[in-house]
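Protein chains in written order, with the numbering used here: chain A, 178 to 497; chain B, 192 to 458; chain C, 2 to 380.
These aren't lab readings, by the way, just hints derived from the structure by calculation.
Only a predicted model underlies this, so the values are computations on that prediction, with no experimental measurement involved.
Treat the hints with care, as some may be off.
Said to hold, decoys possible - Lysine-lysine pairs mimicking DSS-like chemistry, simulated, CA-CA at most 30 Å apart:
#, chain 1, residue 1, chain 2, residue 2
1, B, Lys367, C, Lys170
2, B, Lys420, A, Lys390
3, B, Lys420, B, Lys237
4, C, Lys120, B, Lys367
5, B, Lys367, A, Lys488
6, C, Lys126, C, Lys185
7, C, Lys304, C, Lys12
8, C, Lys47, B, Lys367
9, C, Lys318, B, Lys367
10, C, Lys186, C, Lys197
The primary structure of each chain is shown beneath.
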Amino acid sequence: MSMFAHTETNARSRLPGGKALGGLLQRLGLGGRGLVIAIPTLWLLLFFLIPFLVVAKISLSEAAIARPPYLPIWEWDDGLLNINLNFGNYLFLLEDPLYLSAYLESIKIAGISTLIALLIGYPMAYLIARSPENQRNILLMLVVLPFWTSFLLRVYAWIGFLKANGIINNFLLWTGIIDEPLIMLQTDFAVYVGIVYSYLPFMILPLYANLVKLDQSYIEASADLGARPVTTFLTVTLPLSASGIIAGCMLVFIPAVGEFVIPALLGGPDTLMIGRVLWDEFFSNRDWPIASAVAIVMLFVLVIPIMMLRKAQAVEEGAS
Amino acid sequence: MQGKSRFLKITAFLGFAFLYAPIISLVIFSFNESKLVTVWGGFSTKWYAELFRDPQILEAAWVSAKIAFVSATLAVTVGTVASFVLIRFSKFRAKSLLSMMITAPLVMPEVIIGLSLLLLFVAMEGLIGWPGSRGVLTIIIAHATFGAAYAAVVIQSRLVDMDLSIEEAAQDLGAKPVRVFFDVTLPVIAPALVSAWLLAFTLSLDDLVVASFVSGPGASTLPMVIFSKVRLGVSPDVNALATIIIGLVSLGIIVTALHMNRSKRNL
Amino acid sequence: MSEGQLTTDAKPWADPNATPFLQIKNITKKFGAFVAVENVSLDIYKGEIFCLLGGSGCGKSTLLRMLAGFETPTSGQIIVDGQDQAGIPPYARPTNMMFQSYALFPHMTVEKNIAYGLKRDGLPKNEIATRVTEMLSLVQMDQFAARKPHQLSGGQRQRVALARALVKKPKLLMLDEPLGALDKKLREETQFELIKIQESLGVTFVVVTHDQEEAMTLSSRIGVMTAGEIIQTGTPHEIYEYPQSRFVADFIGSVNMFEGRVIEDGKDHVVISSKELGGDIYVPHGISGVEGQKMAVAVRPEKVRISRTDLGEMRNKVSGTIDEIAYMGNSSVFQVRLDSGKRVRVSQSNLTRDDDDALRWDDKVWVGWADDAGVVVAS
């Protein structure tokens, strides 16, 4: 890194017969640049990147009843370096069907929730983008506002809505549509509702940002050339908003895959989501190596969606 | 066209209803006399009274507020420097690495961030004896790290929009780079810094997962206390707490929106 | 018109003993493989208003930014008042710049904007106050001192930007499209105001513009740039009347161009036979050519005469038909199709309000020009 270059210059400046003040200041300016770069770089290296290496390392170690609860992977023993790489954790993930089904279940739940969020979010984003300019900001604020109130409490609110003697059931019983309460809480359905509800703003915002840039005259031109509204939507609007759709979908899908709070509060005991599995491995079983292996595999699962997101965002940035 | 726009309006209305109904119900039932959260038993403010008598909640709220304040400030500092470096500095060796590291936390599941930071703290403790015990400090570091990522998004977009020639003009008039930053860049991007700070503050106040991982026995944040309460089922004093938070947030948003509107007109 | 900026009618650029105030020596700037500025050398003298004129992407702004220190030349040297500018950061240069966007600090009042540069120089408070007040009255912005930039009109912002750059008494003031953001009417007024201010302070101006009219009115000299090179330097009069290349002739004003070959090389003239014109062109003094050599003659539309009757003893004349007439108010522009098929542009002042005998479409006409109206350019 550039810090090294900087130290080198400093060493040279300590030579006898140092240069004039101007030279010193200039060198300080150079050092300043390196320092400015170093602050965020070192912070993120230490608290973001290196932790992943630690996770990777611990995923290869063996669990033990100790503090911390795993064995070191290398040991210095009488001039002999013993490296014990334990791939057992990963093999265990393959062997035990629980993990595989948890990954698949997470992807399924996240995928379906994303689709539902898209179906609800697209018309909303479209409407906001086509609203008069003075109304747009108010509508956008209405979309973002729930995001600023506690996520946990918003998920909690759904318990009151969905439970057996909750608001929805009470209403339906009162109207006479149903005779006995529907079981909604602690089901996958509740998890879908929770995810769609919590992440809807993440879908709407990138879609809005894309659609608001869409020139109305394209749509008029398409109509002028004889396309019906539906055809126009399918052949003009939808293709032009593709990158917004991908960005929105990935912004919902990626966190949903690793979601913990929503399945923990709204899901049933058999709602297996991988975030919850990781949490339980860590907090209940205190099996840090397995939890680490679960995390590393989850990262690999998310690589493709993350790359799709970055690409879509690059397209969006290029377009603006 | 008519039919289409009606369809859009109905969908949007239902969408907004979907977004707001749960929040509104939280507020309404916080004034419910009955302990059964969803059965109306008359107006009462007793849950608020109960809330303010609960030392655990008050303590946790105070801890959370402290953590959010410090971590948001740190996050904006790191985020601002990172944004400035990425947008304004010519190429340097670690640039793409820094750019990757500042955006990655945005798309990283919370459980992974929490787990990885905890394992780092444990490993560091083994190596250098720091951070000693886990608690407020480790939560602050964790929150500042992902808060910085969000702050950087807000600040970068403002820096990109900013007319570069304003900074050049300051240099041309004799200001050295550091001066330019404090005299011109910071004041011009100040509204973005405020938004970024509020965002980081809210995220910190809101976080359950990362805090649960990196916290120690000494420190419970508000979300941790709420989570342990609601895991056991609905409880009316949580509704009261939610109402207070919603009230504060709405107030904060209205104030900032008014302020932003004014400063936008001024720029 | 323009020589007035210099204290006398002297033309320092024509005086071999005069020392240039700004010397640009073989400056080249490359961005990767792209050459933005190629081997430009230029001498500018004290008190000049020098305009760099060219289309977008011609390198004029890059050259200006190198003078200000925002870009580092790939090779070459910039010397201001005897001092090499290499390695001097923008904030330490004795030059100032007025930005195209004006770049007024949005969070500071007019007064603070103007005082900013003086504060950086560490001047005492009372001196700063005096100089700011002086500047405010020079640009007639006294009443607006406490306003913020967003409360000003475009013309007022332009004046604040000028004041802010001038208050430091720079050795050299660079102006990037100084009038580009103003509407046409305001632009014309401001041009003269700018010249007046420049005269009263005696600061040397280097102006970048793409607007030829602006360059003609403002400058003592113009450097025409294209593709990173300065292809001609001269007074507005020289540039307009004696373009050295097709590009310059074409870029500034409009021009009719006739290509041909030399058929006669006389003592004080040459005759060029032009198939395009369908006749011979007589060019007096100043050039000589070998027989058979290719040459092009440029003739400005307003120097071409047009008439229904034969143009008498005029040597350069041909006949044609009026194809098109554009009425411009102060003048009319005729497109005449010559018998050779070539189209010629002729402009004529409208001296009377109504002319019953005016030329009409499809009229058979003669067009021609005086011997010295055409200029031979390199093609």
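Results of checking the hints against the structure:
Distance restraint check for Lys367/B and Lys170/C: the Cα-Cα separation of roughly 19 Å lies within the 30 Å cut-off, and the hinted pair is therefore satisfied. Pair hint Lys420/B plus Lys390/A does not hold up; C-alpha atoms about 45 Å apart against a cutoff of 30 Å. Note on Lys420/B and Lys237/B: the hinted pairing holds, with a Cα-Cα distance of about 18 Å set against a maximum of 30 Å. With a C-alpha separation of about 12 Å, the suggested pairing of Lys120/C with Lys367/B holds against the 30 Å cut-off.
Restraint check for Lys367/B and Lys488/A: not satisfied, since their Cα atoms lie roughly 37 Å apart, outside the 30 Å limit. This hinted pair does not check out: Lys126/C and Lys185/C have alpha carbons roughly 39 Å apart, beyond 30 Å. Using a Cα cut-off of 30 Å, the hinted pair Lys304/C and Lys12/C holds, with the two alpha carbons roughly 28 Å apart. Our distance criterion of 30 Å between C-alpha atoms is met by Lys47/C and Lys367/B, whose separation comes to about 28 Å.
Under the criterion of a C-alpha separation no larger than 30 Å, the hint pairing Lys318/C with Lys367/B is inconsistent with the structure, at around 65 Å. Among the hinted pairs, Lys186/C with Lys197/C is consistent with the structure: their alpha-carbon atoms are about 18 Å apart, no more than 30 Å.
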